[in-house]
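Colleague: Chains as they are written, first to last, in my numbering: chain A, 3 to 352; chain B, 3 to 352; chain C, 34 to 631; chain D, 34 to 631.
Certain hints may be false.
Listed below are the simulated SDA-like cross-link pairs for lysine to any residue, each with C-alpha atoms no more than 20 Å apart in a straight line [said to hold, decoys possible]:
no.	chain 1	residue 1	chain 2	residue 2
1	C	283	A	336
2	C	282	B	103
3	B	103	A	168
4	B	299	A	182
5	D	283	D	156
6	D	122	C	573
7	D	282	B	165
8	C	436	A	21
Hint data in this document are derived by calculation from the structure and do not stem from the laboratory.
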Amino acid sequence: MTYIKPKFRHPALPKNDLGYTKTVYEGSLSTLCAGCGHDSISAAIVQSCYELALEPHRIAKLSGIGCSSKTPAYFLSQSHGFNSVHGRMPSVATGASLANKDLIYFGVSGDGDTASIGMGQFVHVVRRNLNMVYIVMNNGCYGLTKGQDSATADEGSKSKAGSVNLFHAIDLPSLALELGATFVAQSFSGDKAQLIPLIKAAINHPGFALINVISPCVTFNNNPGSTKAYDYVREHIEATATVDFIPLQEEISADYAAGSSKNIEMHDGSSLVLNKLATNWNPQDRMSAMNAMQQAKLDGEILTGLIYIEPETTDLHSLIQTSDTPLNTLDESLLCPGAAALEALNEEFR
Amino acid sequence: MTYIKPKFRHPALPKNDLGYTKTVYEGSLSTLCAGCGHDSISAAIVQSCYELALEPHRIAKLSGIGCSSKTPAYFLSQSHGFNSVHGRMPSVATGASLANKDLIYFGVSGDGDTASIGMGQFVHVVRRNLNMVYIVMNNGCYGLTKGQDSATADEGSKSKAGSVNLFHAIDLPSLALELGATFVAQSFSGDKAQLIPLIKAAINHPGFALINVISPCVTFNNNPGSTKAYDYVREHIEATATVDFIPLQEEISADYAAGSSKNIEMHDGSSLVLNKLATNWNPQDRMSAMNAMQQAKLDGEILTGLIYIEPETTDLHSLIQTSDTPLNTLDESLLCPGAAALEALNEEFR
Amino acid sequence: MSVNNLINNFVVRFANVNGTGSASANYLFAKAVFRMGIFATPKNIFPSNIQGLPTWYDVRVSEKGYLGRREGVDMMVSVNPQSMANDIKSVKTGGYFLYDSTKDLPEAYIREDINYIGVPLMEMCIREYSDPRQRQLFKNIIYIGALAALMNIEFDVLEQLFKEQFAGKEKLIAPNVKAVQLGMDYIKANYAYPLPIRLERRNLIGDKILIDGNSACGLGAVYGGATVAAWYPITPSTSVVEAYAEYAKKYRVDPKTGKNNFAIVQAEDELAAIGMVIGANWNGARSFTATSGPGVSLMNEFLGLAYFAEIPTLLIDVQRSGPSTGMPTRTQQSDITLAAYASHGDTKHVLVFPSTPKECFDLTADSLDLAEHLQTPIIMLTDLDLGMNDHISDPFVWDDNRKYNRGKVLHAEDLEKMSRFGRYLDVDKDGVTYRTYPGTHPTKGSFFTRGTSRDEYAVYTEDSGAYVQNMERLQLKWNTAKKLVPAPILYQEKNKSKIGFVFFGTTLFAAEESMDMLAENNIAIDAIRLRAFPFNHQVEEFISSHETIVVIEQNRDAQMRSLLINELNCNPSKIKSILNYDGMPITADMIVHQFNNL
Amino acid sequence: MSVNNLINNFVVRFANVNGTGSASANYLFAKAVFRMGIFATPKNIFPSNIQGLPTWYDVRVSEKGYLGRREGVDMMVSVNPQSMANDIKSVKTGGYFLYDSTKDLPEAYIREDINYIGVPLMEMCIREYSDPRQRQLFKNIIYIGALAALMNIEFDVLEQLFKEQFAGKEKLIAPNVKAVQLGMDYIKANYAYPLPIRLERRNLIGDKILIDGNSACGLGAVYGGATVAAWYPITPSTSVVEAYAEYAKKYRVDPKTGKNNFAIVQAEDELAAIGMVIGANWNGARSFTATSGPGVSLMNEFLGLAYFAEIPTLLIDVQRSGPSTGMPTRTQQSDITLAAYASHGDTKHVLVFPSTPKECFDLTADSLDLAEHLQTPIIMLTDLDLGMNDHISDPFVWDDNRKYNRGKVLHAEDLEKMSRFGRYLDVDKDGVTYRTYPGTHPTKGSFFTRGTSRDEYAVYTEDSGAYVQNMERLQLKWNTAKKLVPAPILYQEKNKSKIGFVFFGTTLFAAEESMDMLAENNIAIDAIRLRAFPFNHQVEEFISSHETIVVIEQNRDAQMRSLLINELNCNPSKIKSILNYDGMPITADMIVHQFNNL
Ligand SMILES: Cc1ncc(C[n+]2csc(CCOP(=O)(O)OP(=O)(O)O)c2C)c(N)n1
Ligand SMILES: Cc1ncc(C[n+]2csc(CCOP(=O)(O)OP(=O)(O)O)c2C)c(N)n1
Ligand code: SF4
Ligand code: SF4
Ligand SMILES: [Mg+2]
Ligand SMILES: [Mg+2]
């Protein structure tokens, strides 16, 4: 359990344009493991909404099932939340959006939730260009069910149980690009400096906005090959054969300049290389975006930043031309054709 | 109902290396509409297996649900077939393959079956590089449920019911490339000269082989904008409001040289442009393959041919190192550890 | 056969090949009978493919108003060589066999006990039309013409039907009329006409309408205020959403902006469809989906979520013959057990059973109210027979004063007055708690919806007590539902019999007829038609007040009987079953026959 | 409390925070009791997260051999400040409360009627260990040491357990032993010991083993010859396939080639998992999957296919508390209705209910036979309590002469002799027909498997008669199944009572104990433990030969009771229910209490 909010607030906390302090945007205490990347992302969501001075009750937050999918309880407690079923958040979000186009929709998912059981719905919500922010808290594993490999796990990486992942990793941003997504970004949970602006941009994007956030699972993403993790305590835990002891960890943060690469050391001593898109990157060219993603993969790097955006985009509501008034506010007077029309219809069936 | 085999056979029909005539590779009478592209693909499968002189009983044919998924009944009647449930053929094929690595697996699916309800399983069967031939009989619509748009329908195209498709078309070969597929091909149902060699190559590929075959639905893929279709009879049918009259149609065939483009006129008078890869195309470069697909899309063309192949590839069985003997042939002697081992195990739990 | 019995009292069967345009021609016949003021019940028996396989179309004509299927063909119109051998067998002794005499009938097809009427349909078409497609199309209209002469269909009625059908395309009227005349002329020139079995104009229909159940459901959803429809195509439910779309486009487009006061999404599969419905309802829009058995199976997990998280959901299941893909173009009532208890854990769902198009309309609209009132899934079980066949039905009515019952929803004003909002607090002690829509109030009323156990304030908990309390409240809500669901219809309450029939859905037609047949043999039967699950007190009383109960249903496993026994704790030994599950609608003869063998 | 009652007869509860390594320490306690020849029943009560929430671990010690959960804590080991206030409340009067006295207990936590034992765990750890992770880890071992002194756990037993646990990592032994000694020494120095509630070595265990049900299922699948496992992770079933993997790696790797005589695939979801299982079984490999409620819901459509297309399938459902995500780390028996009738249309599935690890082992292997014999899905319903908790069980046995029953499969030689093979021809008139594996014979034996209606030769048909014949044959197969499924276990057949208990699965432990308790009050009860659905003639006879039947189950809706009434047509009025569904295993006290209130 980590505390993403301190227990005591100073009365003179800064306020945003709405007059709200950041506290208003926070949620309940997180029950995730100490140091879990997901908590950092929650904090970034809180910060983004606070800075944008969004009315919290005009936001709806939806998720599937998993450690990541629990996070909507840990931010924006003044927003309605919906922790649905595993892998099916996109459909629930689609229905919710259809009912009321005027709210802001945050979808939170995990890599298991999105790339395995949820793959079908993910592909189709991209295709429909639903106006929502879709955040994948991507840790390459199934945290909540104790560390199995997910479909985004790197080929050749080892799970806590020691088995080597044999399969090609699914690259969600590249996939989204191929599917015609209109906003594709990637970031790292510990890089608030990058993540917060991306979340804000995603909120402002009038269509589907994917942010794939690499978010280390401190508990299960241990690489047993790494020396650092292979200590006394580790052996102890292994011998008892219960994944029951989880040493306290610190959040990993990453601060580095645009246009540069950074080697991030993980809790287990393994590392990954982040490569931040340069400030002159043109995110409006899908083909170069796709090529850059492929190239980074070949170079063993993870490209971060706003990879692609189509700023003028037609979202689902515009495509199917729903009324400007949210559907959930219409009443009998607009919805029911009435008795006279019905009698005319009866006549057609005589 | 079309007859893909003539009723009478000459006794001196040519035989293949196994001594079988082509008849041996045929199936029952097709119950598809006259002129349906799917029947042409069935015929190409028959021809390929005959020419390769495959033992028909060493082939297993699996499918989902749809007009396309019915076709396994119309070819290879000496092979076991499995018409499973809608969109889930890949998992059934995976299980079947795990049980017996020594058969050849043909999976047949439709665009609805694969790109809508089956998207999740499609992505994951590609990822596992299951050794199978996966043929999508792609007609851009749901034939069997009377012509709704599928997810591969072109943006802006009209369904029989007259509604315009609003969404980005899913491009299955490009998607497969992105997912790391090791054999990706595209063809047209009426182009036997191209299709048969592709099917043969797919059979010989030791991993997952996708062939996306554009296969016109003569009944529901009518473009009401086209003048040819807009005749007297059409009006008659529209007025009666039942999709019940289906004029007899001829199969559309397409014969054109490698490296050239061809405009194919469809039954309704609309057309599509096929572009056959040149003979010097290097199909072993994934990045150029992806770029070529993107480019063709921009040019409004459909690239046909063997787009990509990774000839030396590691299929699922090799990845998970199953025994060389098919699992379904192993008996107690190899599978059961026996009483002594069990008693030793009991001891571990005391 | 008495002469009386031959007028307005017979079954015509058309044996065709699908994809040849026959269904609309055959419908013309049924509609003409209806227009002549006589009851007509068409049943389209079609294969699960698109073109080239045998298809049949029955029209039962009944002066007495029986709307069920009846076996035994009085007039067979046979234009399909594939099925002809069997088609000939199904004609009743003394019946008629109309066929295309362009080619001679094989010897083997000759029966001594029936009458043959040859019309050289193909020959006439080839002579009269040059376009091969017209030749095929008008063949069907010519045999309707032949029937017009043989059976006294009023020519004006047919002509009028063409006029209506081709309004705006007037040039199509004449050729159709001509085809009818060709058929009539041929009969008049070659046969004695009219036949003893024939039509005579009556005035039995009144203001009734002829419509299929799926259209009625779609229209009911428009009237009932559904704004979001999400679906995935599947026979036989597809036309529910198609009808919704048609009527929504007609009545729900804002004339000023041209924008839609509705949203329809063809989902990628049934899991997504129901997910969207749940999302929309959660967010305060009335929403529904329609599917058939395979779709319901796929929706199981989400149905459990909607039950437990208490989200209004309307699912219309147009049942077909299972299990698995089964016979996708045949009817059955066999999803009852699945629907009643769908999903893992202790779940129960409210079911609604319409019997007629009018009930499809009414109960769809009512179920939208009920779902919001009870905050739970309502599964409406109709079937292929009701959904896809045209039925004579009472006309639809709507009370313009009717207000939608949106259930217990708190708005900003309400929240303003409250101290603490508890999403699952049973304030009214009926098991139904108050909800809020997202976006209602800046600081009050937000809550977290989840499929996990939670306390009265929607906070996650693994506390056993809180869990049990919640499950008990859901049970209390179930009892509340009993008072709110559509009440059953009771028959013959006065002269109480010891035997009680129980039926529901499309069994209505055959069951009513069978009761008349039994009454003719002086067997009086009481009956109840179920319209919902859970069963209300009337059902309970009916069961307990009869010595023998006979549950009539269209499935193998007597699924409704099980529900009755389970939920009402009644003694199975007194509850008998009459079952038909061959994919064809049950008939009165079947019921009487099985009853006599009970 | 009599003195006798205090020896080897108590409940210890450990209250910890998860992720602190407590479960393995607490297990050590249970295993030590077991090694001292005394019955111990551990229950791990863990939250649905990974780290930082309250978790409890109960160990019931029972000289009499009662293996059910018992409420009322005699010794609370409380090291979690989050839950301490409540933990104190759950101690029985006269019981003990062991806590970390590094900090003083707040006043409010003091009860007069219980005994407090403070051990400065944290302080000792800080003193003895420098690495903060070791400090946390050894805190747990120290309290085990304290218990060793307080309750007379034999030091040698603990030492031996460490030796076994750290075999190959010997350097870890000494620090663990030291931690135990620290705890013992502290008690010896500060408290009177041993306590009146304590252990005394016995010889009650014999050759029994201590193992969890999921491991037993995994091992049973290896012994039963399953070669293909496809699964998707979900609590509490994950360890079934993990165990299968472990044992398969141990026993099934070809020593020559290093290749695997098994295949395990982590599927993308449960639909894919069961699809793979069906594909593998269709192709002649024994295959299974394991999941929990949400997975079973998702598998509905495929289960219907397997039923109708008649494909052997083994599904192990380790039940947890539903509906929906419910309480994922709590137990229940609430997927019975769903499993019995999963999927749309008329479907019924064979269910198997193990009660002990030995039965998990046996019935998994047997079900692989049964599935192939019957060519239908077998759903094994175990639960979180059985699957994830360690249980004392009879040892596993295997007869080396046992041959797998592969069912009715025709091989090339058989086909050679036949004229025409009919996949669905009921040759033996038992409803079970012959199949062939793909690839068997060049020209004979191929057939087309489908979820649609087909004739006896597996050819597609929409013929009503063929459909009905097939459905009736499936019903005949169902009757055949009754003779083949695991028979129930009967209790106390001689002195027949008027009252019969019916129970199954993990209710066994509490039910047996409750019968003893009732017997002490001179209430004799007959009983039957169900092990399968459909019910065989013994179940039928048992029900009919008792005036009152009491079905004891762990769900809200009395799901097994419904199955009994439905399938046996017995009168509901004589069938009572005893239910517990709060997520915790049912206890004997609950049963007796509810029985007295019936
Ligand atoms: C239908 C279903 N299957 C399986 C599960 C079990 N389950 C819960 S979370 C989870 C995986 C979560 O992985 P991911 O989405 O990556 O989230 P993380 O915990 O890693 O953040 C699984 C398999 C479930 N809840 N529902
Ligand atoms: C679970 C489920 N949902 C819906 C259907 C209805 N259905 C049958 S075929 C089909 C679509 C077929 O489209 P496609 O795969 O493109 O095949 P085509 O007929 O176009 O060849 C649908 C939706 C079904 N059989 N099962
Ligand atoms: S298990 Fe991993 S993903 Fe889950 S909360 Fe812990 S660190 Fe985060
Ligand atoms: S409906 Fe279309 S896809 Fe189906 S058989 Fe006819 S032409 Fe082919
Ligand atoms: Mg994850
Ligand atoms: Mg298609």
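Colleague: Against each hint, give a clear statement of whether it holds in the structure.
Modeller: Structure-based check of all given hints:
1. C:283 <-> A:336: holds, 13 Å
2. C:282 <-> B:103: violated, 54 Å
3. B:103 <-> A:168: holds, 18 Å
4. B:299 <-> A:182: OK: residue 299 of chain B and residue 182 of chain A at ~12 Å, within 20 Å.
5. D:283 <-> D:156: violated, 43 Å
6. D:122 <-> C:573: violated, 46 Å
7. D:282 <-> B:165: violated, 56 Å
8. C:436 <-> A:21: Outside the cut-off at roughly 40 Å; violated.
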